[in-house]
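Q: Following the hints, complete the assembly by docking chains E, X and Y onto the known chain Z.
Protein chains: 4
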Amino acid sequence: MYGDISAKAAHMLGQPAVLDFFAKLIQRVSPKSYQQALAEVQVSQKFLENFCGDQVRFLARSFAVPGNHLGQRSNGYRWPYGPVAIITPFNFPLEIPLLQLMGALYMGNKPVLKVDSKVSIVMEQMIRLLHDCGLPAEDMDFINSDGAVMNKLLLEANPKMTLFTGSSRVAEKLAADLKGRVKLEDAGFDWKILGPDVQEVDYVAWVCDQDAYACSGQKCSAQSVLFMHKNWSSSGLLEKMKKLSERRKLEDLTIGPVLTVSQGRSQPFFGGQLTPVTTEAMIEHMNNLLKIRGSKVLFGGEPLANHSIPKIYGAMKPTAVFVPLEEILKSGNFELVTKEIFGPFQVVTEYSEDQLELVLEACERMNAHLTAAVVSNDPLFLQDVLGRSVNGTTYAGIRARTTGAPQNHWFGPAGDPRGAGIGTPEAIKLVWSCHREVIYDVGPVPESWALPSAT
Amino acid sequence: MYGDISAKAAHMLGQPAVLDFFAKLIQRVSPKSYQQALAEVQVSQKFLENFCGDQVRFLARSFAVPGNHLGQRSNGYRWPYGPVAIITPFNFPLEIPLLQLMGALYMGNKPVLKVDSKVSIVMEQMIRLLHDCGLPAEDMDFINSDGAVMNKLLLEANPKMTLFTGSSRVAEKLAADLKGRVKLEDAGFDWKILGPDVQEVDYVAWVCDQDAYACSGQKCSAQSVLFMHKNWSSSGLLEKMKKLSERRKLEDLTIGPVLTVSQGRSQPFFGGQLTPVTTEAMIEHMNNLLKIRGSKVLFGGEPLANHSIPKIYGAMKPTAVFVPLEEILKSGNFELVTKEIFGPFQVVTEYSEDQLELVLEACERMNAHLTAAVVSNDPLFLQDVLGRSVNGTTYAGIRARTTGAPQNHWFGPAGDPRGAGIGTPEAIKLVWSCHREVIYDVGPVPESWALPSAT
Amino acid sequence: MYGDISAKAAHMLGQPAVLDFFAKLIQRVSPKSYQQALAEVQVSQKFLENFCGDQVRFLARSFAVPGNHLGQRSNGYRWPYGPVAIITPFNFPLEIPLLQLMGALYMGNKPVLKVDSKVSIVMEQMIRLLHDCGLPAEDMDFINSDGAVMNKLLLEANPKMTLFTGSSRVAEKLAADLKGRVKLEDAGFDWKILGPDVQEVDYVAWVCDQDAYACSGQKCSAQSVLFMHKNWSSSGLLEKMKKLSERRKLEDLTIGPVLTVSQGRSQPFFGGQLTPVTTEAMIEHMNNLLKIRGSKVLFGGEPLANHSIPKIYGAMKPTAVFVPLEEILKSGNFELVTKEIFGPFQVVTEYSEDQLELVLEACERMNAHLTAAVVSNDPLFLQDVLGRSVNGTTYAGIRARTTGAPQNHWFGPAGDPRGAGIGTPEAIKLVWSCHREVIYDVGPVPESWALPSAT
Amino acid sequence: MYGDISAKAAHMLGQPAVLDFFAKLIQRVSPKSYQQALAEVQVSQKFLENFCGDQVRFLARSFAVPGNHLGQRSNGYRWPYGPVAIITPFNFPLEIPLLQLMGALYMGNKPVLKVDSKVSIVMEQMIRLLHDCGLPAEDMDFINSDGAVMNKLLLEANPKMTLFTGSSRVAEKLAADLKGRVKLEDAGFDWKILGPDVQEVDYVAWVCDQDAYACSGQKCSAQSVLFMHKNWSSSGLLEKMKKLSERRKLEDLTIGPVLTVSQGRSQPFFGGQLTPVTTEAMIEHMNNLLKIRGSKVLFGGEPLANHSIPKIYGAMKPTAVFVPLEEILKSGNFELVTKEIFGPFQVVTEYSEDQLELVLEACERMNAHLTAAVVSNDPLFLQDVLGRSVNGTTYAGIRARTTGAPQNHWFGPAGDPRGAGIGTPEAIKLVWSCHREVIYDVGPVPESWALPSAT
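Protein chains in written order, with UniProt numbering: chain Z, 1 to 455; chain E, 1 to 455; chain X, 1 to 455; chain Y, 1 to 455.
Honestly, I wouldn't trust all of these hints.
In silico SDA-like cross-links for lysine to any residue, where the CA-CA straight-line distance does not exceed 25 Å [what the hints assert, rightly or not]:
#1 E:Lys8 <-> Y:Lys243
#2 E:Lys242 <-> E:Ile292
#3 E:Lys160 <-> E:Tyr77
#4 X:Lys249 <-> X:Glu280
#5 Z:Lys230 <-> Y:Asp197
#6 Y:Lys249 <-> Y:Arg169
#7 Z:Lys243 <-> Z:Lys296
#8 E:Lys8 <-> Y:Asn158
#9 X:Lys330 <-> Y:Asn158
#10 Z:Lys330 <-> Z:Gly301
#11 X:Lys339 <-> X:Leu380
#12 X:Lys242 <-> X:Lys291
#13 Z:Lys160 <-> E:Phe322
#14 Y:Lys8 <-> Y:Asp197
#15 Z:Lys429 <-> E:Leu386
#16 X:Lys8 <-> E:Leu70
#17 Y:Lys243 <-> X:Ser448
#18 E:Lys8 <-> Y:Val43
#19 Z:Lys160 <-> E:Thr338
#20 X:Lys330 <-> Y:Ala157
#21 X:Lys160 <-> Y:Glu364
#22 X:Lys110 <-> Y:Lys242
#23 Y:Lys242 <-> Y:Glu284
Chain Y regions said to be covered by chain X (calculated; three or more residues, Cβ under 8 Å) [unchecked claim]:
#24 3-16
#25 60-73
#26 141-152
#27 285-292
#28 337-344
#29 353-367
If you are wondering where the hints come from, they were derived from the structure by calculation, not from laboratory data. Just so you know, these numbers come straight off a predicted model, no measurement behind them. Note that beta-carbon positions come from the ideal geometry of N, C-alpha and C, so glycine has one too.
Extracted from the complex, chain Z is given alone in its bound form:
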């Protein structure tokens, strides 16, 4: 049945008018350009296409292995949890909740979904579309509430599994409250390393600009720190990045307000307390960085002008601050430099041939391990960096990026048994089902069987 629903919904969502409707609806609540909003709808549409026809049943594929005697066979099934919960943030109002919701349903669970209330209208419309495509009304619940109410509901309803996408602080609280019955995709301080082989400078500069500043840096996969091999210094890369960042403007939302603040402000979300990311807060953070010896602003560093963005939100030009590598690694500095600013802000540094160790040490000391990029086509360099890092979604090669994950590969953190994934059949199976083994043992009891001694 869900194959049919997906086929219908994929077709409907693929109609130009519907694509446009959802893209604009996303823009109304989440500050991103039309292109970015459209891409979110398209990825969601492709995902639905992926689970047309019999592909939902193929997700429930089991395996069997012969047993020890005639009539015995072990079967490994993917089994649903039953009642589950899904909690998703403001930055991808359609893609994250839709993909997780459908995954939960495909595997046979009964989900309750809560989307950040500022943006929940998008999913509300999507659910209407799904109902129209045949989704039975009783198969899922949709709840609009603040975090505190949701937290209470979770503790009382005690779902078998809760998927949470959002900030690390809330994630940790939930994990303790729910005693680990969670899968988490929390924010990341995502790094990119440019390797020794300088190539395709224009292309790499463009990817850096998009990774750091698209959606005003409010993707959990946004590039937060750039480690640049010295060979790139004379390539003009930084100048190109500066120029590209200056193309961004408020009118078309290629740069826009930073929203994280409102959550923290309105109430303790799930009991956690988030730091508001106002313009002042970002400037203050930048000034703290600039106190580090050798630091400097590469570009940006100023508030946006001529706008009516409320003060509780952030409004900042795309900004890059250079900090020397040796300084980054000093304790004290390290925590400051790797503090995640969920906005259009990145740190840039440089390393020489013999400093790769320091770079890898820095990457390992970071807490979250979501996305990362190693921009190089040198197989030995790639092998070295990939073998010693653990980020869940790592891009490698001269075209590597940190953002822009489509529906056709896994996206999620690694190194944590609570880590969730999104997008692929593997992600759906991991997050929304558990292993169940059924051993058939139908006999016959051999004619020669005789009662053994007790043991």
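A: Just chains E, X and Y now, kept in the frame of chain Z:
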């Protein structure tokens, strides 16, 4: 390398003298018959055989899917966590710690292992054997401590993952303390249902006896409650079970002391407080059950005689108490009846054709979902019961049992995202590795590429 | 790209007007009822849905295993053959060629397709639809020719792989001509066994009627012989089957002409010579069967009346002939009884408890092993029969059938390395791709490497 | 059971005395150095280790997918063929027959094995060892005969599948005789391409020497032609290769007699007629090559001196002949240059940046596609060459080789549906089993079911 170590260790452990040494060593610390102890060593030996040669590297098998353009490819890897911890109980002093330890090592983790101190001598000897087979001394740590010290160590060392096998109470505490970075295999109140098709009564009676009373009922898979279709009443099954239970004797440890108590007694284990399972405690529990209307002792129900088992341990004849199904379901009664007694004790009940609903309701209301058995060869009956239950390891068919899981199928709970598994390649991969996605994107950048607008 | 083509084509084919158009077009060239023709289109539509979105790229999923040293990794890929050929018969003018064609394209081959010329108009229309959905004109070739020309073309063009669906005689000739570079799905003399447990007689009778006579028996999966356990004799099954067969009428094509003849008539197809299946031929075959001691006509056995079907085609009422089991097994008789009549004709026999061996012997002696059905819910009976038979697509259980394979499971013969499959991802991968192993070994060469001696 | 046999045999074969016995036995019948013979035994031993314990049953892993209604489930099994045949050549008297034999047995077939009679004593000893480890005598047959008798046996016994490893000419004849019921691993004219990035010249020279001349070039994976990017010309590579080739000497069999001749001499093998590879034949071939404009002997080119090798065998120094690339591609020349000489003989050529197309064209025009190597760490170069070639076992990277396949990766040709593989679980499953689908459909028939109209 671990393929070679496993091959050597499997061969060494397969030598009759070594098998015998370990079986007797297990008997010294864990009250079970020679046959049961030997089986534990044999399963461990077979497991090592399963991961000879290249089979360890085959565990690390990854997959790749073509990307969106030339040069792009997504790879899904199984990745180790790094530093991990393993905590295992007294009842299987070799099998559980060895299988989990090797699984952790196969996937590339660095484990610290703690076995219940009463029985840790078995693993201590095994580790010496592994060292002799080539295991590098620095690849793992072995710690002997009480639970409180271990708890402190975990909180300070903060391992990326902790595998815990043991009581539910401690499991829940650990899950909260470690914020869910755990995989758990906790105790189970395991049920068996005899279906409407009466067949092979002698065989089924023997399996029931072994499931309930082998190792004095101290297996996490031991049969705790038996739901018997009325058709079996006139089959003589209960009489046969009684007769079989009376074969058990202290001399050959086919019945023996119940050890759970000592843990709870000596100190708060991990901060939890376990109920001692002394003889008195078991008798008291039985008397409480007998207060339920219609209850009766089917057999056993008395302390063992002529023994020198210390009072802090339990010493009870194999016991079965009948409780009517309708009474079991009454709240108040339900909690009492489904209280797990980690000893030679089971509840028996009966159901008629139209009471299957009640049986399934009872099974669903139980908390833990470890093993279960549906003794029937009727495919529609099996389908009905299997489709509405969720136990992680469920046996189905006229030869179904609850205990005796070998090394060739998954063993573990279901319905809980924190659930661990043991035994198979799937279990090793689930417990000891996480998904990591690496997307190669080496280009070439198409010659026609031109700088797009910012988005 | 093929994901998009499939999504569009699935949607287009799913439009009621298009479904109806193709169903009626099939009826114009292939004698089957509207329901049967419609089902053929629907299965094709579902198949296309199954390979929407990224599912085509998921078919090309590869795997990798770590090597012996740093930098080494073995990769197993599915690789296309390149230029391939597809030859399909008259009975499924849309489903067989479409599924095989798309499979070949999905895996990256360049196919030339030949459909039996009497029915090739259906695929000709379908290819136009595919072109409209984005299929590049140069990705495949479509050829209309008789068998002799096609045979010559194959020998000259020497495709890397040829998929042939059709009669065994032609299949064997092609296999020799092309030196085994073929995958074959040839006709089958398909059997059904009714087990000892008599249940759901009405349902089973209906399935027998459909399996034997739908599409006038011209499915390669049609039921050719029915082995009935004696317990069914008194169940009224045969009477019910008789009654059901009498519902069939020419007006709605629930019974219709037998077409195989025309192939054989017009020219030596691929050099083979097919026996015409005219009405006389079928009557003669029946009369030969009736010479066997104990044989009798159960129902049918007469030509259709009041029709204008040309004499070169067959026109026969749905017919069942009973032959005693012991007689079937006699050599001489055996070849006669198991001669495939590609028309509305089946043999029925009966066996007692102790004759199961004979039944299994008969099944084993048949040459082709395409479909089979074991109608029983007795797990030990199923185990026995399944364990000793080898048919590629075997249905088991009280609802077992021989025909009606949908798009969601494999359909094809077993026991022959040249056997093809159709329908599922596994079938596509087996038929349309081969294994290719690429071992990456990028180094580094260890610094300690020194020139070894020659070996 | 076969897991246990493998475990025992692996252990036994791993004993130093047994390893040594088999290595020397191989040397007695097959001209290779002790190291090469030892490696053959070690690979065989590792292979047996890989299928210890439950790994044999894991090969028979099946899968299941839910069906269209309650009670329906499709299962995909790997199924044995039944009676099968294995025919293997002289160059690997232990590894090839043992791996294929065990694969056939693991999957449940009943094989008859024929090894080239000159070397069959090795397998004869191995089978005795297997019997000692528990292999039932009736599970396989071992036949000693010449090719003509074997050919006759195959035609009469009509095995369901025949695995043939040996010359292409015989392979093609067998494929036609057995109408394609074969899997083939025929000889290859294997190429190596050195990419533009010159690195590790000493290492690459050593690998070239081993690939071309180990076992006197009598491996089906031996390097027959070397395409060298111009950048390597000044690297001293050819000089190093010359020097390395001159280390080889008859005393330790690092160079030795070429045996292919004897087969052809004694009788028409399977009806085919093989060209004797005598010393004269090789010299004549070399002289023909030298008639091509621009050709020259790089090293070798002379008969071995001071030996007692009978004239019917070949005895030649390791030889390399340079032929210009443009000349190779000319028709007439091409057939000559790519004629496989199963001896210590290779062709070397050179290409410039803009001649890569010509190299790839040459590779594509070769008939067999067994092994190949692309020696480069440039990902775009690798991508280009790998994407346009089809060899079944292709090595890529600076450490790439053509020979030396171990037991842990697939070895076999690609691009041919009759292609066999050897070594891995995938190879065993492909060669020794076929897909069988069993669809369980146990009901229940819905209560609402009513007889539909006939279709």
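Q: Each hint: holds or not?
A: Each hint, compared with the structure:
1. E:Lys8 <-> Y:Lys243: Violated, because 41 Å separates the two Cα atoms, which is more than 25 Å.
2. E:Lys242 <-> E:Ile292: Holds, at about 22 Å.
3. E:Lys160 <-> E:Tyr77: 18 Å, holds
4. X:Lys249 <-> X:Glu280: 20 Å, holds
5. Z:Lys230 <-> Y:Asp197: Status holds; Cα separation ~23 Å.
6. Y:Lys249 <-> Y:Arg169: Given pair lysine 249 of chain Y, arginine 169 of chain Y is violated - Cα atoms ~32 Å apart, limit 25 Å.
7. Z:Lys243 <-> Z:Lys296: Roughly 17 Å between the alpha carbons, so the hint for lysine 243 of chain Z and lysine 296 of chain Z holds.
8. E:Lys8 <-> Y:Asn158: 43 Å, violated
9. X:Lys330 <-> Y:Asn158: Satisfied, since the Cα-Cα distance of roughly 22 Å is no more than 25 Å.
10. Z:Lys330 <-> Z:Gly301: 24 Å, holds
11. X:Lys339 <-> X:Leu380: Violated. Lysine 339 of chain X to leucine 380 of chain X sits at ~31 Å, over the 25 Å cutoff.
12. X:Lys242 <-> X:Lys291: 22 Å, holds
13. Z:Lys160 <-> E:Phe322: 32 Å, violated
14. Y:Lys8 <-> Y:Asp197: 47 Å, violated
15. Z:Lys429 <-> E:Leu386: 20 Å, holds
16. X:Lys8 <-> E:Leu70: The given pair, whose Cα atoms are some 24 Å apart, holds under the 25 Å limit.
17. Y:Lys243 <-> X:Ser448: Holds - the C-alpha atoms of serine 448 of chain X and lysine 243 of chain Y are around 22 Å apart, at most 25 Å.
18. E:Lys8 <-> Y:Val43: 17 Å, holds
19. Z:Lys160 <-> E:Thr338: 21 Å, holds
20. X:Lys330 <-> Y:Ala157: Holds, at about 22 Å.
21. X:Lys160 <-> Y:Glu364: Holds. Lysine 160 of chain X to glutamate 364 of chain Y sits at ~13 Å (cutoff 25 Å).
22. X:Lys110 <-> Y:Lys242: Since the Cα atoms of lysine 110 of chain X and lysine 242 of chain Y sit roughly 44 Å apart, the hinted pair is violated (cutoff 25 Å).
23. Y:Lys242 <-> Y:Glu284: 22 Å, holds
24. 3-16: violated (count 0)
25. 60-73: holds (count 5)
26. 141-152: With 0 residues close enough to chain X, the hint is violated.
27. 285-292: violated (count 0)
28. 337-344: violated (count 0)
29. 353-367: With 0 residues close enough to chain X, the hint is violated.
Going through the hint list in order, the structure does not satisfy hints 1, 6, 8, 11, 13, 14, 22, 24, 26, 27, 28, 29.
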